[in-house]
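J.: Starting from the structure of chain L, add chain A where the hints point.
From first to last, the protein sequence lines are chains L and A.
Letter 49 of the first sequence, counting from 1, is numbered 49 in our numbering, and no numbers are missing.
Letter 57 of the second sequence, counting from 1, is numbered 169 in our numbering, and no numbers are missing.
Hints listed in this document are in silico derivations from the structure and should not be mistaken for laboratory results.
Hints are all accurate, no fakes.
Cut-off 25 Å, straight-line C-alpha distance, at most; resulting in silico cross-link-like pairs (DSS-like, lysine-lysine):
(1) Lys164(A) / Lys134(A)
(2) Lys42(L) / Lys125(A)
(3) Lys134(A) / Lys169(A)
(4) Lys1(L) / Lys169(A)
(5) Lys42(L) / Lys134(A)
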Amino acid sequence: KQEVTQIPAALSVPEGENLVLNCSFTDSAIYNLQWFRQDPGKGLTSLLLIQSSQREQTSGRLNASLDKSSGRSTLYIAASQPGDSATYLCAASTGTASKLTFGTGTRLQVTL
Amino acid sequence: AAGVIQSPRHLIKEKRETATLKCYPIPRHDTVYWYQQGPGQDPQFLISFYEKMQSDKGSIPDRFSAQQFSDYHSELNMSSLELGDSALYFCASSWLAGDATDTQYFGPGTRLTVL
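Just chain A, with the same shape it has in the complex:
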């Protein structure tokens, strides 16, 4: 079965640089979520989109922005990177219109390292 795809899997950036993380949800899924997991921490919700509209927002810095495109893939843009942005970034998708359980399926994550 198709899973959530994230790219790149690993990314190394310098401080103050910009990074773009991509997420391709499971086909037919209409909702995308982004989470950040710092070293030794639990995942923290950043932002979500339903049918290309932002549906919820968590502790996402103003330096970060995200959007969901017409093909339902999503991108997380991160500017002015700081050392503290080093983390695993997970994307998850769900099928709000067709799955009453609203199960979120997670991608493998993108490991971002800021030097």
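So that you can see chain L by itself, here it is in the shape it has in the complex:
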């Protein structure tokens, strides 16, 4: 059974800092891994998806990496802004049309 954990659970950084969010999964036979952003009480916004054959994906100030052998993914946010404040969730799937198993999330606060 796939289990996904995220560290840290919460993070507060001053504006402009670069930061890294961590995601660990127990089953290395993943199909893809997605990173999501969720604002309080809102829906899930997909940020990046990394397929199992890829090592990283980039979108603007975001960079996600995947290391299947170690069961880890990281989300790097460059030059953080107050608008980045949200909960970030990673989720792994183990096959096509397969359910996503979500991590516990990291609540990020970027302060002025």
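T.: Showing chain A alone in chain L's frame:
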């Protein structure tokens, strides 16, 4: 671009009542997933459908049922509601036949409150 549509966005019910949540996937998408997110928790998979057939089942109570119709929209039916059913219910869709990445796109969710 069209997104996943869920209705209603908010729903308030009494205990033991019945609720029906609807999901309209992105056009051409053939797979629908339902997730439940309790307060302060991560989303948990309930059930999925591919081409109108159930493809996977998670921790879905027997009181819940779901189906995907010929137009690919899906409905989640919840009976004998309990206080613990209060949660955000997300629907997601993907295009298994045409998207090798199998990206799941999420709707805005339905917030169900059981009183």
